[in-house]
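Engineer: Got two chains here, separate frames each, mind docking them using the hints?
The residues making up each chain are set out below.
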Amino acid sequence: SQTIHQWPATLVQPVGSPLSLECTVEGTSNPNLYWYRQAAGRGLQLLFYSIGIDQISSEVPQNLSASRPQDRQFILSSKKLLLSDSGFYLCAWSAQGTGGYTFGSGTRLTVV
Amino acid sequence: ILNVEQSPQSLHVQEGDSTNFTCSFPSSNFYALHWYRWETAKSPEALFVMTLNGDEKKKGRISATLNTKEGYSYLYIKGSQPEDSATYLCASSYGGATNKLIFGTGTLLAVQP
Numbered sequence: 001s002q003t004i005h006q007w008p009a010t011l012v013q014p015v016g017s018p019l020s021l022e023c024t025v026e027g028t029s030n031p032n033l034y035w036y037r038q039a040a041g042r043g044l045q046l047l048f049y050s051i052g053i054d055q056i057s058s059e060v061p062q063n064l065s066a067s068r069p070q071d072r073q074f075i076l077s078s079k080k081l082l083l084s085d086s087g088f089y090l091c092a093w094s095a096q097g098t099g100g101y102t103f104g105s106g107t108r109l110t111v112v
Numbered sequence: 113i114l115n116v117e118q119s120p121q122s123l124h125v126q127e128g129d130s131t132n133f134t135c136s137f138p139s140s141n142f143y144a145l146h147w148y149r150w151e152t153a154k155s156p157e158a159l160f161v162m163t164l165n166g167d168e169k170k171k172g173r174i175s176a177t178l179n180t181k182e183g184y185s186y187l188y189i190k191g192s193q194p195e196d197s198a199t200y201l202c203a204s205s206y207g208g209a210t211n212k213l214i215f216g217t218g219t220l221l222a223v224q225p
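Heads up: the protein sequence lines correspond to chains A and B, in order.
Each residue of the first sequence is one higher than the last, beginning at 1 in the working numbering.
Each residue of the second sequence is one higher than the last, beginning at 113 in the working numbering.
Just chain B, with the same shape it has in the complex (with noise of 0.2 Å):
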């Protein structure tokens, strides 16, 4: 059973602060890493799409890396303001033309203005 292991489960943090998240998978056989942001009442929505060692995106205020080699990446949130508040998912794939995802159990961040 393949196992996507988020820290923390949640985090509150004030306007202005930066801060950041770990998400471990297995590294057999690994082929993307996934993070989405889901807002209360809404769907989770696409952030970043890595799949090479060293893989680093950003998105405004938002960025993430990857090592594939040990199996985590971190997301980091600089200047967190309020409408950042949300669940991050983050999930692993294996390849294949299922593109099967596992899912980890997020982390909930609430920025307090």
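Looking at chain A on its own, in the form it has when it is part of the complex (with noise of 0.2 Å):
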């Protein structure tokens, strides 16, 4: 079956450090991944999206990146973080083309 793993589950950063989120998905080849971020009192918004891996799709413009150097790993960074950057991040995997999303158990990220 397959499974998906986000980690860290919390992180408190300071401003201007980097960061780095880390999603693997297993049981399953090629899939689409992405991250959405839901910051407070807003609701899912898509970051990155990728169909294939170095394949990466931003949605919109900000201080964040996202690479898939392998075909099960999303990996989401930043070199400096910004207050506004704070939030939860959510990796999700899906099968090419249709079908919803399985989600990972998400990263409460606080920048400070």
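The hints are simulated quantities; they were obtained by calculation from the structure and are not laboratory data.
Predicted, not measured: the structure shown is a model, and the values here were computed from it.
Among the clues, some could well be false.
As the list claims (entries may be wrong) - In silico DSBU-like pairs for lysine-lysine, Cα to Cα no more than 30 Å straight-line: (1) A:Lys-79 <-> B:Lys-181; (2) B:Lys-212 <-> A:Lys-80; (3) B:Lys-154 <-> B:Lys-181; (4) B:Lys-171 <-> B:Lys-181; (5) A:Lys-79 <-> B:Lys-154.
Structural biologist: Spelled out as structure tokens, the structure:
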């Protein structure tokens, strides 16, 4: 069966520090991968999606970047965090083309 | 910019009440409508995926309908229980290999025992 792992669960980082959140999927090949963020009082916003290794699309201009160095690994990064990067980050995967998402357990990021 | 809207934002009901929420979405180039249930401290969990106009899906006491021509979907919960308390998210997709979902802001349901 397919599983998705996301870590860490919580993170408190100072402004200006770097960020790396990791997501891995098991039990499937060539998944679509997604990073979403929920900022306080807002809905889930799509940040990045990937349909294959090294194929990353960004949905909104921001202080973050994403990479997919392996088929089932998706990494969200920042070189210098801003206060506005605080939020709840969710990784998800889906089969290509159609179907629902399976979400990771999320990371609560607080930038102080 | 594609906007998916959900109403109400929040809902407080008594155990045993039936309730429903609305999701409206752009109908142009629509491909699929998804409903998720998101409990506090857990991951969103898929409830339904619907694609055809007039689709109805059911899972226990929860059901959903879809109108793709006018761009809305309803989620119904019959005889709400405290364990139904969660945020209910809807999301629409517009096809293609990317399968991007555009989420609404959710409806927070609180069921009082």
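Engineer: Return the numbers of the hints above that this structure violates; sort them in rising order.
Structural biologist: Violated hints: 1, 3; rest satisfied.
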